[in-house]
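Can you join these two chains into the complex? Each is in its own frame, and there are hints to help.
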Amino acid sequence: MTPLLQVDAVSKFYGARIGCAEVSFDLYPGEVMGIVGESGSGKSTLLNCLAGHLQPDAGAVRFDTRAGGLRDTITMSEPERRMLGRTDWAFVHQHARDGLRMNVSAGGNVGERLMAVGARHYGEIRNTATDWLGRVEIAADRIDDRPSAFSGGMQQRLQIARNLVTGPRLVFMDEPTGGLDVSVQARLLDLMRGLVREMGLSAIIVTHDLAVVRLLADRLMVMKDGHVVETGLTDQVLDDPQHGYTQLLVSSVLQV
Amino acid sequence: MNVSAYNFAYLDEQTKRMIRRAILKGLAIPGYQVPFASREMPMPYGWGTGGVQVSAAVLVPEDTFKVIDQGADDTTNAVSIRRFFEKTAGVAVTEDTARASVIQTRHRIPEMPLRSDQILVYQVPIPEPLRFLEPSEVETRKIHSLEEYGLMHVKLYEDISQHGAIATAYAYPVKVEGRYVMDPSPIPKFDNPKLTMDAIQLFGAGREQRIYALPPHTRVVSLDFEDFPFEASKADHACDLCGAGDSYLDELIVDDAGGRLFMCSDTDYCTTRRAAGHVGAQGVPAKEDVA
Chain A
0 MTPLLQVDAV SKFYGARIGC AEVSFDLYPG EVMGIVGESG SGKSTLLNCL
50 AGHLQPDAGA VRFDTRAGGL RDTITMSEPE RRMLGRTDWA FVHQHARDGL
100 RMNVSAGGNV GERLMAVGAR HYGEIRNTAT DWLGRVEIAA DRIDDRPSAF
150 SGGMQQRLQI ARNLVTGPRL VFMDEPTGGL DVSVQARLLD LMRGLVREMG
200 LSAIIVTHDL AVVRLLADRL MVMKDGHVVE TGLTDQVLDD PQHGYTQLLV
250 SSVLQV
Chain B
0 MNVSAYNFAY LDEQTKRMIR RAILKGLAIP GYQVPFASRE MPMPYGWGTG
50 GVQVSAAVLV PEDTFKVIDQ GADDTTNAVS IRRFFEKTAG VAVTEDTARA
100 SVIQTRHRIP EMPLRSDQIL VYQVPIPEPL RFLEPSEVET RKIHSLEEYG
150 LMHVKLYEDI SQHGAIATAY AYPVKVEGRY VMDPSPIPKF DNPKLTMDAI
200 QLFGAGREQR IYALPPHTRV VSLDFEDFPF EASKADHACD LCGAGDSYLD
250 ELIVDDAGGR LFMCSDTDYC TTRRAAGHVG AQGVPAKEDV A
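From first to last, the protein sequence lines stand for chains A and B.
Counting in numbering that gives the first Met the number 0, the first sequence runs from 0 upward without gaps.
Counting in numbering that gives the first Met the number 0, the second sequence runs from 0 upward without gaps.
Pulled out of the complex, with its shape left as it was, chain B reads as follows (with noise of 0.2 Å):
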């Protein structure tokens, strides 16, 4: 099909629309998830059809437009949303975190700081931090209408007295403004502490027809007990390619004898930094580094 039979971004304007002012209302209530009509997307329900739905309604044709994937710019979900983008609305496209302007993200925010001219879009499975404790949706916008947050807790108790810690380790659940319980999507609560940001940040949930919203320098708070702090937990290392000690990493096993190796989950800032020069324990420096 030629690709100039599709509206700018694959959406209709009417549904574009719809879907900026669910965005406006949830920028509007921090933390509080807006309903909105979901689009059947061309991709499958789990691969970001929320997300792509807010990415289509933000982007204009000036726009440079990056996706990442746990992090990575590489993977089949980042590229083909990429590529889907950069079809349908001939936008700039861009694996450089400091040169997007709208970031669309599964599982990870980016470790260089965003700014206040750059948007960050979530892919989000599940809206509701409240889900696997209570089934009931009708219960459920009862507890975040009258705000009786008591059972997120429950979670956090039975983490502790089942693993003498708070296990939780992705979709760590969070208060925005002393209000609203959210679920910041499945990122590492490593990440959570970065939940407050000069960028905005958008959450698209596609099968649940659900977006919600956080507008810069919002306070987002991770809920713990007093005796049992959060604490932003990462791999106790540093990259093995680049060396650096204060990013999230993925564990890799790379031979049959156990092996392993540990790398910043964020592709771009490993490559940025090797291409500064920094070099880890298993790392080789940049210019022969072709994988």
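Next comes chain A alone, as it looks inside the complex (with noise of 0.2 Å):
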């Protein structure tokens, strides 16, 4: 089998600061890994080379297209590698507000990667957008409205409903819960993890809060000062935690 995604050394430097450092894996279809370590381990660092919002300086990143097989994504053309930004990858943002147009109405929101792939039927495209607002619990009357009239959950879902509607392989996620009350946390990760399974994503998830990864992700790779200090499937990763940074990790969750 094919991985989706085969990430080979790749190292970015902040001058002399280390953002992360020969970080390597690889990533099959249908696979949740999740990126965890405190802030500034490179955590997004990592995930902005991979979605090539950022360009490493050494290593590669080959994604499996589906014209050409794997294709290194850090040498190939800037038109190709927007093309896979809005067709077959998707990048939800921690803060929406990142993510949206917000003075477009929610419809336009979601119709703008339609649209960007050559879609010209408005009928369709409402449909389209209509349909993915239900499948993220947002109500068909709020189409017409501007994401700044939602609240921070809405906001967030219907960022995921955005990046979501061209029918992505991979989705890039990072920090996708954060800044979200614990109930809307809830929901949101009962809406993704249903999303996911039910599309067949793969997925790569970057965040702190060690519950989103054991809801989520099937792996698990913990990152301290640029570096991976340990990875492997997520409940062996987190109830036998072997390098010290990870127990701490583990330790530091408050038990309610």
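These aren't lab readings, by the way, just hints derived from the structure by calculation.
Given the structure is predicted, the values throughout are model-derived calculations rather than measurements.
Some clues are possibly wrong.
To be verified - Coverage of chain B stretches by chain A, computed from C-beta distances (three or more under 8 Å per stretch; other residues unrestricted): (1) 140 to 149; (2) 155 to 169; (3) 224 to 235.
C-beta: ideal position from N, C-alpha, C; glycine also.
Encoded structure:
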């Protein structure tokens, strides 16, 4: 089986400082990978390198494209990479405001990716948008409201709908539940778990919330100071942490 | 100041040369916004500084110059720009569309079809069609260079979802020769089909420092949706002065009782028709009509 994404010794430096160093892993279709670690451990840097937002200083990121098989996304041309960015990839930002157009209605937000890949039939775009709003539990009569009129949780769900509407195969998520209260988080996680399973998505989720990875991720990667210190199946890493830092991380979670 | 102290058409020759280079580049890449070093002109930004610089660069002493503002030859803006070139270039001026060789316009295309020996110069306030959707210039340039124009349709989508139809009535975005998406300046969308014409069309944006152009017979397509096709709309009425049913109309409130009058926005077209004996519903024959 070919991996969907092959990450080979990716490193990114900010001057003399390490962003992330020598990170390698394979992600297979339908698999959800969690990346955890404290702030400043290089999680977001790594995610941005993988998603093509940052240019890594070394290494290769190979993606199994529909047309040409495994291709290095770092050396491919910018139009091709941006094309992937709006078809096969999706990026869910921590702050919905970064991923949404706040002055465009919910329907327009969801429709943008469809129009970006050539949809030119208003009725069909609108039907698809309505369908997707329903799937992320936003009432159909909110379709013409702007995201600024939405609550934080709704904005985040709208951002997910906007990203998944073109049927991507790989979703990058940067702290998708950050800044939401726990009950909203729980609903969002439930929704994401459903969508990931139903659409057979592969996902890479960066978070510092261990509950999120416990619920969503099949495999886990623990990062500290730009290095990967431990990898393994999620339950295995969380229940039987080997590395000192992972043990600290797991024991730091408050038990209510 | 002595008028002869100015170079022909106000700008110095080096500046005109620079602008001509931008114009030629614009003609070579239809719809592409060419940056140019816009000069300070003796009029405020927003009054047509871009159009004036382009006109200055293309004018030759043998030219006959015409200026229209919203189709009219007799508004402040049109009169002052016409006088400006009368003074600084000494060219002949006219209000007659057929006699003019260079026509500077704000917000309209003349009703009369233009010929291949004429040049139409537009004053453009905001040359970037994506500006209100994407504030970053770096990003819009990337969108143009990579042809990622999905965003333009988001604007039209928003129109339909809010108004039930594409409500954009002016500055309606067009695609030029299947490549660049272009803002045709704030002309009514009624004029969009006329953008494919025999004359050269030059667009100058002074404050934004951009020039772009359409060579004759360039294919210009207005963007739309399959189920909401583009429609060149105008007031559903005939001109009350000359009776024309095919021209773009201005609506005027003429008294305190809400009385209204529709008249051609192209004054030369209306005058010519009235002189030829056409009379509209509220019009009077041309001879008596001195106002």
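Hint-by-hint comparison with the structure:
1. 140 to 149: holds (count 3)
2. 155 to 169: That given contact holds, which follows from 5 residues of the stretch 155 to 169 of chain B lying within Cβ reach (below 8 Å) of chain A.
3. 224 to 235: holds (count 4)
Of the numbered hints listed earlier, not one is contradicted by the structure.
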